[in-house]
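Trainee: One letter stands for each residue in the lines below.
There are 4 protein chains.
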Amino acid sequence: MKNRERLKGLIAATFTPMLANREVNYDEIGNYARYIEKTGINGVFVCGTTGESTSLTTSERKQILSTWVKEAKGAFKIIAHVGSNCQREAMELASHAQTCGADGIAAIAPSFFKPATVTDLVQFFKPIAASAGNLPFYYYNMPAMTGVNLAVDQFLLEGKKQIPTLAGTKFTHNNLMEMGVCLALNDGEFEVLHGYDEILITGLAMGAVAGVGSTYNYIPSVYQGIIEAMQNNDVEKARILQMRSIQVVEIIIKYGGGVRGGKAIMNLTGIKCGDCRPPISPFSEEEYAMLTNDLNNIHFFK
Amino acid sequence: MKNRERLKGLIAATFTPMLANREVNYDEIGNYARYIEKTGINGVFVCGTTGESTSLTTSERKQILSTWVKEAKGAFKIIAHVGSNCQREAMELASHAQTCGADGIAAIAPSFFKPATVTDLVQFFKPIAASAGNLPFYYYNMPAMTGVNLAVDQFLLEGKKQIPTLAGTKFTHNNLMEMGVCLALNDGEFEVLHGYDEILITGLAMGAVAGVGSTYNYIPSVYQGIIEAMQNNDVEKARILQMRSIQVVEIIIKYGGGVRGGKAIMNLTGIKCGDCRPPISPFSEEEYAMLTNDLNNIHFFK
Amino acid sequence: MKNRERLKGLIAATFTPMLANREVNYDEIGNYARYIEKTGINGVFVCGTTGESTSLTTSERKQILSTWVKEAKGAFKIIAHVGSNCQREAMELASHAQTCGADGIAAIAPSFFKPATVTDLVQFFKPIAASAGNLPFYYYNMPAMTGVNLAVDQFLLEGKKQIPTLAGTKFTHNNLMEMGVCLALNDGEFEVLHGYDEILITGLAMGAVAGVGSTYNYIPSVYQGIIEAMQNNDVEKARILQMRSIQVVEIIIKYGGGVRGGKAIMNLTGIKCGDCRPPISPFSEEEYAMLTNDLNNIHFFK
Amino acid sequence: MKNRERLKGLIAATFTPMLANREVNYDEIGNYARYIEKTGINGVFVCGTTGESTSLTTSERKQILSTWVKEAKGAFKIIAHVGSNCQREAMELASHAQTCGADGIAAIAPSFFKPATVTDLVQFFKPIAASAGNLPFYYYNMPAMTGVNLAVDQFLLEGKKQIPTLAGTKFTHNNLMEMGVCLALNDGEFEVLHGYDEILITGLAMGAVAGVGSTYNYIPSVYQGIIEAMQNNDVEKARILQMRSIQVVEIIIKYGGGVRGGKAIMNLTGIKCGDCRPPISPFSEEEYAMLTNDLNNIHFFK
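Chains as they are written, first to last, in the numbering used here: chain U, 120 to 421; chain A, 120 to 421; chain Y, 120 to 421; chain B, 120 to 421.
Errors might be hidden in some of the hints.
[As the list claims (entries may be wrong)] Here are the simulated lysine to any residue pairs, SDA-like style, with alpha carbons at most 25 Å apart:
{"no.": "1", "chain 1": "U", "residue 1": "K356", "chain 2": "B", "residue 2": "I359"}
{"no.": "2", "chain 1": "A", "residue 1": "K421", "chain 2": "A", "residue 2": "Y407"}
{"no.": "3", "chain 1": "B", "residue 1": "K233", "chain 2": "B", "residue 2": "E277"}
{"no.": "4", "chain 1": "A", "residue 1": "K373", "chain 2": "U", "residue 2": "L269"}
{"no.": "5", "chain 1": "Y", "residue 1": "K280", "chain 2": "Y", "residue 2": "D239"}
{"no.": "6", "chain 1": "U", "residue 1": "K356", "chain 2": "U", "residue 2": "L414"}
{"no.": "7", "chain 1": "A", "residue 1": "K157", "chain 2": "A", "residue 2": "K189"}
{"no.": "8", "chain 1": "B", "residue 1": "K245", "chain 2": "Y", "residue 2": "R379"}
{"no.": "9", "chain 1": "U", "residue 1": "K279", "chain 2": "U", "residue 2": "R125"}
{"no.": "10", "chain 1": "Y", "residue 1": "K157", "chain 2": "Y", "residue 2": "Y145"}
{"no.": "11", "chain 1": "U", "residue 1": "K356", "chain 2": "B", "residue 2": "Q350"}
{"no.": "12", "chain 1": "B", "residue 1": "K192", "chain 2": "B", "residue 2": "D146"}
{"no.": "13", "chain 1": "B", "residue 1": "K233", "chain 2": "A", "residue 2": "N268"}
{"no.": "14", "chain 1": "Y", "residue 1": "K280", "chain 2": "B", "residue 2": "S400"}
{"no.": "15", "chain 1": "B", "residue 1": "K373", "chain 2": "Y", "residue 2": "K157"}
{"no.": "16", "chain 1": "U", "residue 1": "K196", "chain 2": "U", "residue 2": "H292"}
{"no.": "17", "chain 1": "U", "residue 1": "K280", "chain 2": "U", "residue 2": "P339"}
{"no.": "18", "chain 1": "A", "residue 1": "K373", "chain 2": "Y", "residue 2": "N140"}
{"no.": "19", "chain 1": "Y", "residue 1": "K189", "chain 2": "Y", "residue 2": "Y145"}
{"no.": "20", "chain 1": "U", "residue 1": "K233", "chain 2": "A", "residue 2": "T177"}
{"no.": "21", "chain 1": "Y", "residue 1": "K373", "chain 2": "A", "residue 2": "N268"}
{"no.": "22", "chain 1": "U", "residue 1": "K233", "chain 2": "A", "residue 2": "K421"}
{"no.": "23", "chain 1": "B", "residue 1": "K157", "chain 2": "B", "residue 2": "S400"}
{"no.": "24", "chain 1": "A", "residue 1": "K391", "chain 2": "A", "residue 2": "Q366"}
{"no.": "25", "chain 1": "U", "residue 1": "K373", "chain 2": "A", "residue 2": "Y407"}
{"no.": "26", "chain 1": "Y", "residue 1": "K373", "chain 2": "A", "residue 2": "A270"}
{"no.": "27", "chain 1": "U", "residue 1": "K245", "chain 2": "A", "residue 2": "Q366"}
{"no.": "28", "chain 1": "B", "residue 1": "K189", "chain 2": "B", "residue 2": "R141"}
{"no.": "29", "chain 1": "B", "residue 1": "K245", "chain 2": "Y", "residue 2": "D394"}
{"no.": "30", "chain 1": "A", "residue 1": "K245", "chain 2": "U", "residue 2": "S400"}
{"no.": "31", "chain 1": "A", "residue 1": "K233", "chain 2": "U", "residue 2": "M264"}
{"no.": "32", "chain 1": "B", "residue 1": "K233", "chain 2": "Y", "residue 2": "N140"}
[Stated by the list, open to error] Label pairs and their calculated CB-CB ranges:
{"no.": "33", "chain 1": "B", "residue 1": "A270", "chain 2": "U", "residue 2": "L138", "range": "33 to 41 Å"}
{"no.": "34", "chain 1": "U", "residue 1": "E347", "chain 2": "B", "residue 2": "D306", "range": "19 to 27 Å"}
{"no.": "35", "chain 1": "Y", "residue 1": "T411", "chain 2": "B", "residue 2": "G307", "range": "46 to 54 Å"}
{"no.": "36", "chain 1": "A", "residue 1": "D146", "chain 2": "Y", "residue 2": "N352", "range": "43 to 51 Å"}
{"no.": "37", "chain 1": "U", "residue 1": "A249", "chain 2": "B", "residue 2": "A270", "range": "44 to 52 Å"}
{"no.": "38", "chain 1": "Y", "residue 1": "N351", "chain 2": "A", "residue 2": "G149", "range": "43 to 51 Å"}
No lab work stands behind these hints: they were computed from the structure.
Where a beta carbon is used, it is the ideal one built from N, C-alpha and C, also for glycine.
Working from the sequences, and respecting the hints, build out all of it.
Mentor: Given below as structure tokens:
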């Protein structure tokens, strides 16, 4: 683990392309991968929240990941999200992730039965991480979706003793004080991947150097600009770009959020992602017309 | 559907017996079934919250259900819980439930991606119910676990138009006004199965005639007494028995709630249910000693 | 305290009548008191949530209470709500309540700074109760409004040691297990006044013998019927009446809840209560027309 | 309003000094004011959350404000918090603030009865702001305490039409996207005062130029350093100082938060603030010893 390269820059949380009958459209992943490569995005986060992991079967999740690995051809990093309420399913996915060639794994906290303590969370993840051999493991912290709001810094400290491959956390939470604490732990031992696209500037200000996000898929240059500006200490420029990102995020919120609204924008930008699976309702023609209008109003399509 | 018999009395939500390595202990289900039969409980609710459904794989859930059907030998009713965040998994489980001979199915709302409207919930359940053919379908409403708090009465009315087999709801919520409204709909068209054991008396007062609960497993006579007393309009007697139930529930809350604490009591009463799967932590020897002491203090073991 | 008579039956939580300019309409309290007397309601709860206590100044609260005492002429009991985020204001109100002749006091938990423990809550109330001399003190428990959800049974036990006048609790919460525990404490030492009108039947089933409610003001006979039926062990009759109450509560919820909607119904039934103070918005003419229509649909006006 | 100077830099939210009997210690305000002046802090925010406004009577709030105005002698700005659940009390406080010479007023949302819409909130504040004549009005947004989470940008836009003196918002919330939107409105028409000390760097990154905080009282140079560093585009330096602030905030959280823990630190630093009023429990000798030790561990006292 010692010499492993840390994640840097943008990791796009991928949407899962679907056909009209809501079967997975594995064929589109090739186009999607070539698009990602062209944008210069540093990696993808496969079958996370954006990828509707909880709406997919275990075998679908495996095949989606394998397809991404095959299509990426090493051009960018691949982080496999293997989280599940069912520890055994997560272990199976973790093992598969290693076998098929992913660069790392991440897992969200179980959210039906919620871990009562940090120790419960560590014990839940321990065999999952171990199933992926040497692949780095990231705890995907997202209290707004899971209702699990255990102290991440304590998790990292306690977890490291039990999980040798623990690399850090995908921190999708607006508790930026906690993010700062995690970044500062043991002089920066852990990677903290910023999670909320609309406030990337704040995570970078706190010291993050990488982010995982769904809107990176369709406005990558905005975020690449934010990262570059902050590296150059040009806060003013980063802020102007962040406000651009916020304009787009305000629109997706209007259409049900980053998964539902984001998938619709992907369709408009030429990657055929189709509709979401239930319980997320399909996008109607009227909505597409309204969305296009909203995007035109902010000159989304140059 | 017209002449289908309505559920009445007590339906025990079964625990999933597990071995020391946390594999499912299918062999114990036979003993468990004979115990249930002896108690006079009217039916079982298999692989629900109490049964740790979200911690089980799809194939495990099928095999557990099949084993219950086989062991019950028609002595009591079997309701299969088929709910899942993944609609396709739920459909597969629903189809299997019909094939293997269950008497009805139930499904909890998806809780990672939450349905935004009653319509989304109906659309989510529609193909699941259809996969079970003519089996009656119950919506398992449990906002405290799912965070989904859509109006159940509206769900029943709208759902009935799309789901011909919709029989009613397992109502695990302390909004007893809403329960009353559901019971009164269309002059009692829908079955409303009371869900919180510690307040069964209040559900019966509102008009419920059946309940699904986990503590029915180990103090069935208390609840049978409550139902009988309320049928005889003896509120005072029902109340005394309800206070007995509350004494037991206060103890299980102390040990982590009905799943973790309840499973430990099952072990003490002779059904080898073992420990829960992560993220629910195992029960220690010290805890068993304390639990036994607490139960002795209320003369649990006569 | 020993021989003090316990509260029984219905205590109406009074609305605070207001003029068009939203000044308190003290003059209407006389009519209101004669109306209450005519209904046979057992008492009033003055300046509680329904009475918009938090929107009133300290001097207004005193004058409203004095007016009620004067107008009641001993025909029914008067419980003064003296709760406030400011302990010193509550002490002043408690002292005034005793001086002016109220029969008891109640106080809600402070809800901006929330007590962290039961001990904090006891310490907060102790000097307030003491300021009212021998008047019985009721803890007004209403977690949905205050966000304070400390164990009421523990409060009663610990509080009794510090507050000799502690009589019980106005229990406005749907945790009916906790209500049952409070009723059973020390063989029924404490009075538990049921708080949610729409589920009065469930509180009576648990053992309550008195209730405090806002809809008692305009459909008293419904609730008197529920209490009488439950005393006669006629659960069926009580349930039918409770469903009548629920029909009315469903309408007030549609108009913003028991304070805003209830005040409008009072105006329609002839007690000139006027509008609520901000932040509760005034009732428009259109809303009055709709409300009248809704009430006609359930034959509210015989 | 046109030429009014905008707030810049640090505004300390003052603690309310109290005697052993928990009466307000007006005499200490002189020392406190001289201390503030010496630190170079730009202004004070009087009788806000930190000042325990909800635990004070109206007359105490007036006298505290008057004392601050008198003792400040124009050396720094004075913002009077006049918020109350009772609109009339808030109007009285607003009028007094103008009369006695405050530089601006702020009001928190009513939190017992919560405004249902932005319009309700505007209507609630309109007569309060008007009572202070030409003094600039700030909406004190703090959803974690009030439970009121209405869109602040919509409030500013709609409010400006009704409240000519509306200057902006004290934004105490970790929704930094919303803060960014407020800052960007109408090319920066509104002042947005950053509220959470532990993440000041993130608010400055989003474009804020002023903050209101309680820890500014005892580590002012840390925050002055953060502001200066960010003005110089030295994000790295600002981050190091922010981590220093976080070390202190972690300690006050351990002792019950910024009001209780902060007041104890003030006592240690020589301003005799005494204890908090109930329901906030007093600080024990043991706690002072532990707190001193915790502060020594981070070299708080140089």
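Trainee: Look at each hint and say if it fits the structure.
Mentor: Hint by hint, here is what the structure shows:
no., hint, verdict
1, K356(U) with I359(B), "22 Å, holds"
2, K421(A) with Y407(A), "18 Å, holds"
3, K233(B) with E277(B), "18 Å, holds"
4, K373(A) with L269(U), "20 Å, holds"
5, K280(Y) with D239(Y), "14 Å, holds"
6, K356(U) with L414(U), "22 Å, holds"
7, K157(A) with K189(A), "17 Å, holds"
8, K245(B) with R379(Y), "21 Å, holds"
9, K279(U) with R125(U), "16 Å, holds"
10, K157(Y) with Y145(Y), "20 Å, holds"
11, K356(U) with Q350(B), "14 Å, holds"
12, K192(B) with D146(B), "16 Å, holds"
13, K233(B) with N268(A), "21 Å, holds"
14, K280(Y) with S400(B), "18 Å, holds"
15, K373(B) with K157(Y), "56 Å, violated"
16, K196(U) with H292(U), "23 Å, holds"
17, K280(U) with P339(U), "37 Å, violated"
18, K373(A) with N140(Y), "53 Å, violated"
19, K189(Y) with Y145(Y), "11 Å, holds"
20, K233(U) with T177(A), "20 Å, holds"
21, K373(Y) with N268(A), "17 Å, holds"
22, K233(U) with K421(A), "35 Å, violated"
23, K157(B) with S400(B), "31 Å, violated"
24, K391(A) with Q366(A), "23 Å, holds"
25, K373(U) with Y407(A), "52 Å, violated"
26, K373(Y) with A270(A), "14 Å, holds"
27, K245(U) with Q366(A), "37 Å, violated"
28, K189(B) with R141(B), "23 Å, holds"
29, K245(B) with D394(Y), "18 Å, holds"
30, K245(A) with S400(U), "13 Å, holds"
31, K233(A) with M264(U), "9 Å, holds"
32, K233(B) with N140(Y), "21 Å, holds"
33, A270(B) with L138(U): 33 to 41 Å, "38 Å, holds"
34, E347(U) with D306(B): 19 to 27 Å, "25 Å, holds"
35, T411(Y) with G307(B): 46 to 54 Å, "49 Å, holds"
36, D146(A) with N352(Y): 43 to 51 Å, "48 Å, holds"
37, A249(U) with A270(B): 44 to 52 Å, "46 Å, holds"
38, N351(Y) with G149(A): 43 to 51 Å, "48 Å, holds"
Of the numbered hints given earlier, the model fails hints 15, 17, 18, 22, 23, 25, 27; all others are met.
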